[in-house]
Amino acid sequence: MSAPFDDILVYLDGSEGSMAASMYAILLAKETGARLHGVYVINTKALGDLVKAHVFISSERAEFLEELKADARRHVRHLEKIAAKKNIAVETEILEGSPSAEVLKYVRANSIDMLVIGQLNMIRSRREELANENERMLRSVPCPVFVAKDSDEIWNMFEEI
Amino acid sequence: MGLLDIIEKELIIVPLTATDRNGIIESLVDRYASSRNLSDDRRREIVAAVLERESMGSTAMERGIAIPHVKLAGMESPSVVIGVSRLPVDFGGAEKSSIFFLVLAGDDNPSEFIQILASITRLCSSDMMVRMIKNARNADEVHQLFFD
Numbered sequence: 001m002s003a004p005f006d007d008i009l010v011y012l013d014g015s016e017g018s019m020a021a022s023m024y025a026i027l028l029a030k031e032t033g034a035r036l037h038g039v040y041v042i043n044t045k046a047l048g049d050l051v052k053a054h055v056f057i058s059s060e061r062a063e064f065l066e067e068l069k070a071d072a073r074r075h076v077r078h079l080e081k082i083a084a085k086k087n088i089a090v091e092t093e094i095l096e097g098s099p100s101a102e103v104l105k106y107v108r109a110n111s112i113d114m115l116v117i118g119q120l121n122m123i124r125s126r127r128e129e130l131a132n133e134n135e136r137m138l139r140s141v142p143c144p145v146f147v148a149k150d151s152d153e154i155w156n157m158f159e160e161i
Numbered sequence: 001m002g003l004l005d006i007i008e009k010e011l012i013i014v015p016l017t018a019t020d021r022n023g024i025i026e027s028l029v030d031r032y033a034s035s036r037n038l039s040d041d042r043r044r045e046i047v048a049a050v051l052e053r054e055s056m057g058s059t060a061m062e063r064g065i066a067i068p069h070v071k072l073a074g075m076e077s078p079s080v081v082i083g084v085s086r087l088p089v090d091f092g093g094a095e096k097s098s099i100f101f102l103v104l105a106g107d108d109n110p111s112e113f114i115q116i117l118a119s120i121t122r123l124c125s126s127d128m129m130v131r132m133i134k135n136a137r138n139a140d141e142v143h144q145l146f147f148d
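In the order they appear, the protein sequences are chains Z and L. Position 6 of the first sequence, counting from 1, maps to 6 under the working numbering, and the rest follow consecutively. Position 34 of the second sequence, counting from 1, maps to 34 under the working numbering, and the rest follow consecutively.
Worth flagging that the hints you see were computed from the coordinates, not collected in a lab. This structure is a prediction, so every number in the text was calculated from the model and none was measured. Note that CB positions come from ideal geometry on N, CA and C, so glycine has one too. Among these hints, one or two may not hold up.
[As the list claims (entries may be wrong)] Here are the simulated SDA-like pairs of lysine to any residue, each with C-alpha atoms no more than 25 Å apart in a straight line:
| # | chain 1 | residue 1 | chain 2 | residue 2 |
| --- | --- | --- | --- | --- |
| 1 | Z | Lys81 | Z | Ser140 |
| 2 | Z | Lys52 | L | Ala49 |
| 3 | Z | Lys149 | L | Phe147 |
[Said to hold, decoys possible] Here chain L is said to cover these stretches of chain Z; the calculated rule only asks that three of the stretch's residues, wherever they fall, bring their Cβ under 8 Å from a Cβ of chain L:
| # | stretch |
| --- | --- |
| 4 | 3 to 10 |
| 5 | 62 to 69 |
| 6 | 85 to 95 |
Throw the hints in and build the complete structure from the sequences for me.
In structure tokens form, the structure reads like this:
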């Protein structure tokens with residue numbers, strides 16, 4: 001039986017969790033032959049909201065935007081590098097906006113049928129305002145979602161293939 | 001690392017008794033510095049950095065909230081110090097502020113810093129949450145509000 005998915009998307013946010021997600025997505029692509037996509041979303045929605053709320057001044061917004069762009073390039077390059085080491089081609093994109101909304105758009109536009117994300121936060125509050133982007137993605141995308149918990153096992157499996 | 005990962009009971013001050021902007025910032029930084037055993041030089045350096053940032057534009061927002069913040073080289077993980085003043089203080093915004101979130105973060109993870117600031121602003125967009133923080137009698141009660 002072939003894998004029930006052809007296009008895997010891994011969401012990158014620079015966290016350790018998203019590193020584990022990247023490795024797991026590469027493992028899945030390697031094992032199943034599915035195409036691999038990687039997306040980093042620069043959270044310009046949050047930047048804009050912070051300016052509107054007077055928490056950021058406009059020069060601060062510009063400074064953070066440049067830093068986030070550099071961060072995005074670094075993490076995308078990292079995914080490309082580790083995928084290449086395992087002979088896996090990866091299609092990467094850096095987007096801007098609200099991470100969960102942009103990932104949803106990407107999933108729909110590219111017929112993604114498996115989203116891989118890093119681990120979710122522990123449930124320590126019922127307050128919806130504190131839900132993170134990974135949780136929002138999990139709830140909003142129409143495809144199956146794989147939550148890669150950061151573990152030594154993933155690192156070991158990745159080293160072995 | 002998100003907002004809930006960095007909220008510490010020890011870094012919540014209720015009530016804050018300073019009556020002006022500089023005093024509020026000093027009190028918040030003092031609490032952070034004593035919890036981390038920082039030198040007086042480092043404490044002064046942080047106060048100066050926060051004041052410099054505030055001089056560029058007040059971080060006071062609506063509902064009586066202010067979120068002074070600064071990126072500091074050499075900080076391994078972000079921190080937030082929360083202070084609640086019984087009397088609203090002129091923090092340089094259109095309205096006086098009585099709830100303060102001092103956010104300190106390293107200069108190497110802009111994404112994490114923005115997530116923390118965004119979580120605070122989202123949380124403080126709730127009138128109910130703001131009212132409950134203002135009415136909290138002590139640090140325990142404020143701490144509990146975040147983990148309900």
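Going down the list of hints, with the structure as the test:
no.: 1; hint: Lys81(Z) / Ser140(Z); verdict: violated (29 Å)
no.: 2; hint: Lys52(Z) / Ala49(L); verdict: holds (23 Å)
no.: 3; hint: Lys149(Z) / Phe147(L); verdict: holds (23 Å)
no.: 4; hint: 3 to 10; verdict: violated (count 0)
no.: 5; hint: 62 to 69; verdict: holds (count 3)
no.: 6; hint: 85 to 95; verdict: violated (count 0)
Hint check: violations occur at hints 1, 4 and 6; the rest are consistent with the structure.
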